[in-house]
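J.: Spelled out, the chains give:
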Amino acid sequence: MKKLFSFSFLLIFFCLQAQDSKIFGKVVDEYGLPLETVTVIVEGTTKGVVTDQNGVYSISASPSDVLVFSYLGFKTQKISVGLQKEINVTLAEDIESLDAVVVTGYQDVKRELFTGASQTIKAEDVKLEGVADISRSLQGRAAGVNIQNVSGTFGAAPRVTIRGSSSILGDTKPLWIIDGVVHEEIVNLSLSDLVSGDLNTILGSAVAGLNASDIKSFEILKDASATALYGARALNGVVVITTKSGKRNQKPTFNYSTEFSVRSIPRYSQYDLLNSQETMSIYRELEAKGWLSLPNSLQGRNGGVYTSMYRAINTYNPSTGGFLLENTPEAKARFLQKYESANTDWFSELFKSAPTQTHSISFSGGGKNTMNYASLSYYTDGGWTIADRVRRITGNLRSTYFLADNKLKITGIMQGSIRNQLVPGTFDRKEDNYTGSFTRDFDINPFSYALNTSRTIRPRDENDNLEYTRYNWALFNIFNEVENNSIELNVNDIKFQLQADYEINENLKYTFLGSTRYANSNSEHSVTENSNVAGAYRANETTIVRDQNYFLFSDPDSPNAPPKVVLPVGGILTTDKNSLVTYTFRNALDWTKRFKDDLHGIRIYGGQEYRHADRSKSKNTGYGYQFSRGGTVFTDPDMLKKQILEGNDYFSASETRQREITFFTSVSYDYDKKYVLKVSGNYEGSNRAGKARQSRWLPTYTIGGRWNIDKEDFLVNSNTISMMAFRPTYGLVALLADNASNNLPVFRNQITSRGNNEDRENYINIDDLENSELTWEKTKELNLGLDIGLFNNALQFNLDLYDRRGVDLIDYVRTSGVGGQSVKLGNNSEMTTKGIEFQVNSVNIKNDDFSWKTTFNISYFDQEITALKQRPNVFDMVSGEGRGNAIGYPKGALFSFKFEGLDEWGVPKFFFNDPDVNPTTGVDFQKRDNILDFLKYEGPIEANITGGLANNFIYKNWDLGIFISFAAGNKVRLAPTYKPIYSDLDVFSKDFLNRWVTPGDESRTNSPVIPSKTQIHTDVFGGRYRMIAAYNAYNYSTERVADGSFVRIKNIRLGYTLDANSLSNLGLSSMRLGFNVTNPFLIYTDSKLNGQDPEFYRSGGVAFPINTSYTFSLNVGF
Amino acid sequence: MKKLKISLLTLLSFVLFSCNDVLDVSPDNRTTIDSAEKIAEILVNAYPNAAYASFLEPMSDNAGDKGPSAVTKAVNEEMFFWRDFNLVDEDTPTFYWNQAYKAIAQANQALVSIEELDGGKEMNHLKGEALVCRAYAHFMLVNIFSKAYNPKTASSDLGIPYVTKPEKVLLRNYDRGTVESVYKNIKADLETGLPLIQDDYYIQPTYHFTKAAAYAFAARFYLTTGEWQKVVDCADIALGGNPLSKLRNWRDNYRPITFTKKGRLYSSSLEPANLLLVSGYSSFRRFYGSARYQLNGDKRDEIFPYPNDTGKAWSYKIYGNDLYYNIPKYWEYFQYTNQAAGIGSPFVTYVLLSTDEALLNRAEAYAMLGQLNNALNDINMSYSVKTQRYTTSDALTIADVNTKFKVDDNLYTPFYSIPNASLPFIHAVLTIKRTIFYNEGMRWFDNKRHNMEITHTDNNNNKYILTKTDLRRQLQIPEAAQVHGIKANPR
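If you're matching them up, the sequences are chains A and B in order.
Residue numbers for the first sequence follow numbering that gives the first Met the number 0, beginning at 0 and rising by one.
Residue numbers for the second sequence follow numbering that gives the first Met the number 0, beginning at 0 and rising by one.
Bear in mind the hints are in silico, worked out from the structure with no lab data behind them.
Zero decoy hints are in this set.
Listed below are several chain A residues computed to face chain B (Cβ distance under 10 angstroms; list not exhaustive):
| # | residue |
| --- | --- |
| 1 | His611 |
| 2 | Gly646 |
| 3 | Arg656 |
| 4 | Ala688 |
| 5 | Asp737 |
| 6 | Asn748 |
| 7 | Ser752 |
| 8 | Val822 |
| 9 | Lys823 |
| 10 | Asp928 |
Some residues of chain A that are not near chain B, with every Cβ distance over 12 angstroms (derived):
| # | residue |
| --- | --- |
| 11 | Ile120 |
| 12 | Leu285 |
| 13 | Thr319 |
| 14 | Glu482 |
| 15 | Asn489 |
| 16 | Trp706 |
| 17 | Phe713 |
| 18 | Ser1002 |
| 19 | Asp1042 |
Here are the simulated DSSO-like cross-link-like pairs (lysine-lysine), alpha carbons at most 30 angstroms apart as the crow flies:
| # | chain 1 | residue 1 | chain 2 | residue 2 |
| --- | --- | --- | --- | --- |
| 20 | A | Lys690 | B | Lys120 |
| 21 | A | Lys779 | B | Lys167 |
| 22 | A | Lys690 | B | Lys167 |
| 23 | A | Lys215 | A | Lys250 |
| 24 | B | Lys210 | B | Lys229 |
| 25 | B | Lys167 | A | Lys868 |
| 26 | A | Lys640 | B | Lys260 |
| 27 | A | Lys109 | A | Lys777 |
| 28 | A | Lys868 | B | Lys486 |
| 29 | B | Lys486 | A | Lys926 |
| 30 | A | Lys563 | B | Lys260 |
| 31 | A | Lys690 | B | Lys37 |
All of these numbers come straight from a predicted model, not from anything done at the bench.
Positions of the beta carbon are idealized from the N, C-alpha and C atoms, including for glycine.
Could you build all of it, start to finish, from the sequences and the hints given here?
T.: Okay, structure coming up:
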């Protein structure tokens, strides 16, 4: 203050002596390059000159004058002449600091005029080194954005929900916008698809094809006002990604960065699994209870050590004239002894510590009328397990040209990526409603395998040869299988974009945007002749096996003939193709004007957009492909007959087409930048329902206000409060639900399901009856926001309260059936979500040597379904996959069977609120009536408290960041480990040591008995299926649920940046060395989880959990 | 400047005009109905793809209790005790209700599509099939969920909703109407449709209402309304010349072959006796023999006496022991969705209409018309192919029928009175029908039509009686339908 005073005093002093003199100087940019044609004028006059090609100017001015230096793309500078003769100026580029502008994808709006709730995140602040998918790095970074890493596999999308999502059945994913254009996914995945572990999940991530270091920033648009212009697809929020661009008049800079990342291998100590000795003792009990008998093990479908033993007993050894193993108790004990001490560490067998590497080089620069940015990156992951591998190349080219006196700006963008990925051979999982389980054929996911396979099994024998067990009646060894059953995925993705901005006059700007993207994925699932799958198709060693093995073919035309092998040679080659073609065109006009001494400001924005997305997918399964014989195809015609008769399509193809047209406008008015009012409207049409015209078009609107309180007289001079704004908004957002499109009846062609192929014919099914009332899912949202900045914004608070009322939400409804469709989809549900979001940014200490910044955010919401016609069945309610919906509870709630202890046989009992229902065998996963009477509500499956805490320290050249993310309020299911029937392949958790063994134990333990064979087959327990259902119910009971809350150290990073001196010695412009630990550990999880990651769904297939990684990074600029 | 504005305006207006065309693009591979062939394909699905034998057989007097060692199946047990049953899975009344209305919706869509395509005479065959399909599904529903037809009370007896238009809203209210109005509608549809039926356009005729099938259905319909001459006329058309060659020949064709082959042949499209087949979503094949309340020892002796009334043995071989007594009539086609886990959808082919039924319906009508010789001919014809080593000398005479099928005149009390002379013949027809159509659900319709009192005896010899006026003879309207305003049957 004092300084300012004396400075003004001096100024006045010089003014008194005003006299014109020649002033000269040079204007340069930050890199010291001369700037040509910079305008230099004397303020308040018309007197002015421009700089020459060397950036030199000369002008006459008096000491009291102020010179104004202005140049497009740079910040205008004003300099008082005073006594100076030579005034050299360095102009800074006019990039408004990211925080000051909100990039909505349509418009860039000054934060002080923006009414909506949004949050800007700089990519460099959140980037997780060693994690190739940048969407994962948003976890815990933005209030109200919940990111759950349901699978850590490359390409798999995390589950992202903003403000608890607004759809009951439909998509909960936010809309991803990259450089102003909607980024479509190659395949549309629902929430339960996302956690399925199927091959498609690794096509789920919208940003898998983006190089993380190309991204400049994220803008997360949360409320109706912020997403207004996105209209009908913004129901679940919008994430806007802006990629990097070059700068004008910038010295060319190259940047090379590299990351080496090593991942930790899981350990048995993390999981509570029994070792081989303990496991063997359980096998002995199984044997005693009649399970592992010779005939069953020898002929049964799957088998481990006991099967190997019986095979040895049963195999004649011609050299000795006896059998491989004597059938004596001593010989048997000796045989089993070998395996009892095996204690195989499957994790170290199947996991590798191969590093991932990222190399990325970028170029950025610009001339007088150009801006360029280009980058290339290569990511390679040698595989965390023996069955996976990833390679990805991305390329990015972006050029901007300024033409016609800077009035026309043309930007061209080309982004492409190529990805090659190897994953374990995976078939899609299927749901069995009857016994309440999910199943997957031939699952060889190494992570699931390690957790689900007995430690008594050895991958190799004493002579280091592969040792086989029995699986699906055929030989199985995981190493052999991984080699012979794999999927190779190739994804090519390329985008071209052109944007033209033309300044028609100083107030009016026209923008054209055109973008097109071609993406296709191609996967080949190779099941070679040496794989277990092919083996299963050939297993017919005995008549018992032959009759059991449904991979063989029973010809209905010869009813009395035995089942036969129909894959006598070769393997199976399945190809899967997905392709996506999108076009987007946009025309927009933007008119801005300030009136009456800048007191009134008006901005009118409007335009039209067309979006076009065609997806196609095809699949072909080729039987009898001989991998070892140059790919010669040798197919048994009966294999096709088997497939056709069983209703399998051996090839298929389908297409979907999406057309959307939007007209949008927004008008904002401000009075002295103090009071802002903004009204937006969007009118959107879609082809979702084909030719049906009713409810094709949907209008949405929002109204928002902002009061910049800091500009009021009573605050303007405050020393404490440097910024304060209040933002109330209200609006309607909507979603076009993909799942219901029957404004006209939906007809689909099918083939009749008749046993004899000769009897079949084409038919047209009415898939959905017409629903003339079908309309869009809508949410009305009220948002109240408050932003406060203290001490020159060293401390900032943002608080948002919202109330969202979803109406016309689409869900299933069971009808009278009289119309001909007993279950329909329609608008019949309602849901309200109330939430609060809070964020603090604080610069705790800042001086030349040391700075400490903290950001913290937390959000909470309370969600309740208020109207619902659907009646989910028990399985939906207890499985925890997001389908448990009931009035009065949040969406996707988790319920449990109420466990009521073990009965006198050690079998679990449950509460059914009905004396007539047997407490064990009365389990009915398909029941829908009054199920809430006996199920217990556990909680939502989605965390409703989420947040993060980041601390960043800089000391001289060192920087350190520690980031903690947390989530709470949800429940998770423990992995389903209990079964009534076990085999000698099974692995057991420590709970089993405490299992029910003798009558009376029921008072001591809740861990159910291993039933004996006779128990399973007696009527008391209703037979095998009822027993399976009862044990599955135990897996889905109050006993098997845990708190899903966690506090996780997400990232610790340490960096060293070279100072200017060292840099110039090295001839570099920048250099940083970094060391990162990502996901080092969980600070808190429920101890019941026993090492199970609360975020991860252990669904097998291609799903791997997120892992701890240690990354070294180097970044060099020159 | 001006140019730009003009071109912008042109662009905008062009965009606006073309909007709706662009948005007409079909979002996926759905079909549009634009040809007669496609209407025909809609009609392929206008038949109820569901079982009724699974829940009607245990209600009928064919069911006995095999005791607790037999397999318990909810639908089988609940229906044996005539309880209201709310499960919606396959083989339940609700499932049949849903599938029958589904068939009706397909038929109604076909009729609407014919109109939309301005189909004239060249689409009459489609119209015919659609109307008969619609009549059939409603007829089955009204017979299951409403009281047996009785012209004296029909105008006040609760019917079932008769649907003639596709549903266009999410939830529509329907009125049950009366048994009279339902029958009137069925009759109108049937009689309009019958003459329009053409056989030559069917790709798989046994799965469609061919002329023979449609008339066989008409014969069944007139049998319920008591229009005897029409029964005879329709059955004549259904049977055509040389009916004997079209009957199911157990004596020659079934008796010698294996269990599996019998099951296959029974519902094969190659079997001339099968007039109408449907492949229903059903797991009945898995419990038709094993379920507890099916054919027990007593019922076996009652339904398959040795010898039969010709003095020779039935050609039917009863398989299994006392827990599994059965005759193979079904086979399952399992459509896998997940082979390794054995998950998929089971389908069973059901015979909805057959020559055997048409013949015996004609016999019953002849008896009611007093044409006892004609009735006798049909009865003998029926016996001839179902009795082992049957020769013409085994044929019954009128006197044989009168003595062997003498019956208490309170057993059958339909809405009309049965002349004394006809009664033994009626009894003969119904008795043979009971044997021939064992485990096909048909017996229940005869139980109901003739108002027969039914006694079920459980394993402990407890008797459960369904009286002639018992309200439980009308199955309860599905729970979901009651929720949406369809009036429940009184209890």
